[in-house]
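Peer 1: The lines below spell out each chain.
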Amino acid sequence: MDLSLSTETMGDRTIVRVGGEIDVYTAPKLREQLVELVNDGSFHLVVDMEGVDFLDSTGLGVLVGGLKRVRAHEGSLRLVCNQERILKIFRITGLTKVFPIHTSVEEAVAATD
Amino acid sequence: MATVELRFSALPEHVRTARLVAAAVARRAGVDEAVLDEVRLAVGEACTRAVGLHQHGGISAPVKVLLIEEEKQFSIEVGDEAPHAVPGGRAGDGSGDADVETEEDEMGLAVISGLVDDVEVSAGEHGGSIRMRWPTVPPATLLA
Numbered sequence: 009m010d011l012s013l014s015t016e017t018m019g020d021r022t023i024v025r026v027g028g029e030i031d032v033y034t035a036p037k038l039r040e041q042l043v044e045l046v047n048d049g050s051f052h053l054v055v056d057m058e059g060v061d062f063l064d065s066t067g068l069g070v071l072v073g074g075l076k077r078v079r080a081h082e083g084s085l086r087l088v089c090n091q092e093r094i095l096k097i098f099r100i101t102g103l104t105k106v107f108p109i110h111t112s113v114e115e116a117v118a119a120t121d
Numbered sequence: 434m435a436t437v438e439l440r441f442s443a444l445p446e447h448v449r450t451a452r453l454v455a456a457a458v459a460r461r462a463g464v465d466e467a468v469l470d471e472v473r474l475a476v477g478e479a480c481t482r483a484v485g486l487h488q489h490g491g492i493s494a495p496v497k498v499l500l501i502e503e504e505k506q507f508s509i510e511v512g513d514e515a516p517h518a519v520p521g522g523r524a525g526d527g528s529g530d531a532d533v534e535t536e537e538d539e540m541g542l543a544v545i546s547g548l549v550d551d552v553e554v555s556a557g558e559h560g561g562s563i564r565m566r567w568p569t570v571p572p573a574t575l576l577a
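These protein sequence lines map, in sequence, to chains A and B.
Per my numbering, residue 9 is the first one in the first sequence, and the count goes up by one each step.
Per my numbering, residue 434 is the first one in the second sequence, and the count goes up by one each step.
Bound conformation, chain B alone (with noise of 0.2 Å):
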């Protein structure tokens, strides 16, 4: 299993949660310092993404978080179980909120994309998820 898991209620204020989780565990695994505003910063874009597919797609499902160390690498995994269907179709009925909605998940999207170098997104019919990998320094400098 993953090193810490996290299960939490897609609702916005659990949001918060899931990141301070990440960073603590992050911070534990070796992720260089400079880098933990990053990995909180993106582990709560992919959180409120799924939180909110899951609202707006009426699942009940909680928002799964895994947090994965790994020999030189750290991953943190955001899983939904939304139906994905093709990219912007959300915004299909042409209303307002809609596009705004759509313009604000792009734009999470946007901000993982431009912080983490190493990311998956992937999606299908049962769910998709959003894979993140940063490389973590040996113990030894940890020390030093």
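Isolated chain A, as found in the complex (with noise of 0.2 Å):
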């Protein structure tokens, strides 16, 4: 299985899809994608995980990575994501409270601070 990617703007956010399993193999492609939108002036990013089969540590360290480049912008970067076995690997590491995580796209770009 591989990584799948796609992105749609919804007012000012941009909601990045994300598909697949995120591991050391495929994250490059989801640190080439979230630099490029970042690059290219989208600093509000929500990435749907809902089609995220798995996802490892090296997963984290692109999405912290995202994070930290929306907030050079003073952007945000909001998680989707329902999948227990995906939320697990959040709180063990302490990222839940790092990443604002929504239960569905239309609540995350609703969110403000």
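To be clear, the hints were calculated from the coordinates, so they are not data collected in a lab.
Hints are supplied without guarantee of correctness; some may be wrong.
What the hints assert, rightly or not - In silico SDA-like links for lysine to any residue, alpha-carbon gap of 25 Å or less:
id: 1; chain 1: B; residue 1: LYS505; chain 2: B; residue 2: GLU553
id: 2; chain 1: B; residue 1: LYS497; chain 2: A; residue 2: TYR33
id: 3; chain 1: A; residue 1: LYS96; chain 2: B; residue 2: LEU469
id: 4; chain 1: A; residue 1: LYS96; chain 2: B; residue 2: ASP551
id: 5; chain 1: A; residue 1: LYS96; chain 2: B; residue 2: HIS489
id: 6; chain 1: B; residue 1: LYS497; chain 2: B; residue 2: VAL552
id: 7; chain 1: B; residue 1: LYS497; chain 2: B; residue 2: GLU553
id: 8; chain 1: A; residue 1: LYS37; chain 2: B; residue 2: ALA543
id: 9; chain 1: B; residue 1: LYS505; chain 2: B; residue 2: LEU444
id: 10; chain 1: A; residue 1: LYS96; chain 2: B; residue 2: PRO445
id: 11; chain 1: B; residue 1: LYS497; chain 2: A; residue 2: GLU29
id: 12; chain 1: A; residue 1: LYS96; chain 2: B; residue 2: ARG460
id: 13; chain 1: A; residue 1: LYS105; chain 2: A; residue 2: SER84
id: 14; chain 1: A; residue 1: LYS76; chain 2: A; residue 2: VAL43
id: 15; chain 1: A; residue 1: LYS96; chain 2: B; residue 2: VAL570
id: 16; chain 1: A; residue 1: LYS96; chain 2: B; residue 2: SER546
id: 17; chain 1: A; residue 1: LYS96; chain 2: B; residue 2: GLY547
id: 18; chain 1: A; residue 1: LYS105; chain 2: B; residue 2: ASP470
id: 19; chain 1: A; residue 1: LYS105; chain 2: A; residue 2: ASP10
Take the two lone chains, each set in its own frame, and fit them into one complex as the hints suggest.
Peer 2: Right, here's the structure in full:
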């Protein structure tokens, strides 16, 4: 299984839909996508993880890197995830305190801090 | 020898193979279905770390994974051949990339220690290993 990526704009938010497995092999593709979006001026990102089957620490590292980049532009990076096995990885690494995690794209798009 | 032994070139694309093999052998050994996701993630983290150590150290030797079925427990040992220095020493040059690599390495270990109760990390001049153990359910329960 490879990684699938697609993007969509909703107002000032850019939705990045991720599917498949995010690991040491595929994470660089996600990193490139996030870097490209920020370089193109998209600073409010919503990463939809509902289609993700597997996430490891390399993937977490890429998401943290994305968050650093958008924050440098006073932007935001929100996650959409309802899968317990993925949420568990955010919990054990303490990253639930770092990322706002939403139950739907609509909720993430509507959210303000 | 180990129940199943796997050696692979230190390349990111092979880590997924190691995860799949480890999960399949763990399932067969009687590791609880609910824990298989953790086995998959933990072995992936350990292999990712080993691949990184070999690549950064220019080591051509393969990464070694031992899957060991024992009485009432299942063990996985992921071995690397990287000479280990003091933890965190790789970030010594202060470059951004090295910092990111070290952060990811530490995050990998954080995930492993958060997931696996029984884990031993050892490191020496000639390489290191991460050994993880999970309890197995008796075959009678499997048949039920």
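Peer 1: Hey, LYS96 of chain A versus GLY547 of chain B, does the alpha-carbon distance stay inside 25 Å?
Peer 2: Within the cut-off at roughly 10 Å; holds.
Peer 1: Take a quick look at whether LYS505 of chain B and LEU444 of chain B sit within 25 Å of each other, Cα to Cα.
Peer 2: Since the Cα atoms of LYS505 of chain B and LEU444 of chain B sit roughly 33 Å apart, the hinted pair is violated (cutoff 25 Å).
Peer 1: Starting from LYS96 of chain A, check that the Cα of VAL570 of chain B is at most 25 Å away, please.
Peer 2: Between LYS96 of chain A and VAL570 of chain B the Cα gap is close to 24 Å, so the pair holds against 25 Å.
Peer 1: Would the hint linking LYS96 of chain A and LEU469 of chain B be met if the CA-CA limit is 25 Å?
Peer 2: 14 Å, holds
Peer 1: Would the pair LYS105 of chain A and SER84 of chain A pass a check requiring their Cα atoms to be no farther apart than 25 Å?
Peer 2: Roughly 14 Å separates the two Cα atoms, so the pair holds.
Peer 1: Taking only the CA atoms, is the gap from LYS105 of chain A to ASP10 of chain A under or equal to 25 Å?
Peer 2: 29 Å, violated
Peer 1: Please verify whether LYS37 of chain A and ALA543 of chain B have alpha carbons no more than 25 Å apart.
Peer 2: Measuring from Cα to Cα gives roughly 24 Å; hence the hint holds.
Peer 1: Straight-line Cα separation of LYS76 of chain A and VAL43 of chain A no greater than 25 Å?
Peer 2: Holds. LYS76 of chain A to VAL43 of chain A sits at ~11 Å (cutoff 25 Å).
Peer 1: Is LYS96 of chain A within 25 Å of PRO445 of chain B, Cα to Cα?
Peer 2: 23 Å, holds
Peer 1: Is LYS96 of chain A close enough to HIS489 of chain B, meaning Cα to Cα at most 25 Å?
Peer 2: Measuring from Cα to Cα gives roughly 30 Å; hence the hint is violated.
Peer 1: Check whether the Cα positions of LYS96 of chain A and ARG460 of chain B lie no farther apart than 25 Å.
Peer 2: 21 Å, holds
Peer 1: Under the criterion that the straight-line Cα-Cα distance not exceed 25 Å, is the pair LYS497 of chain B, GLU29 of chain A satisfied?
Peer 2: Distance of about 23 Å is within 25 Å: holds.
Taken one by one, the earlier hints fail for this structure at numbers 5, 9 and 19, listed in ascending order.
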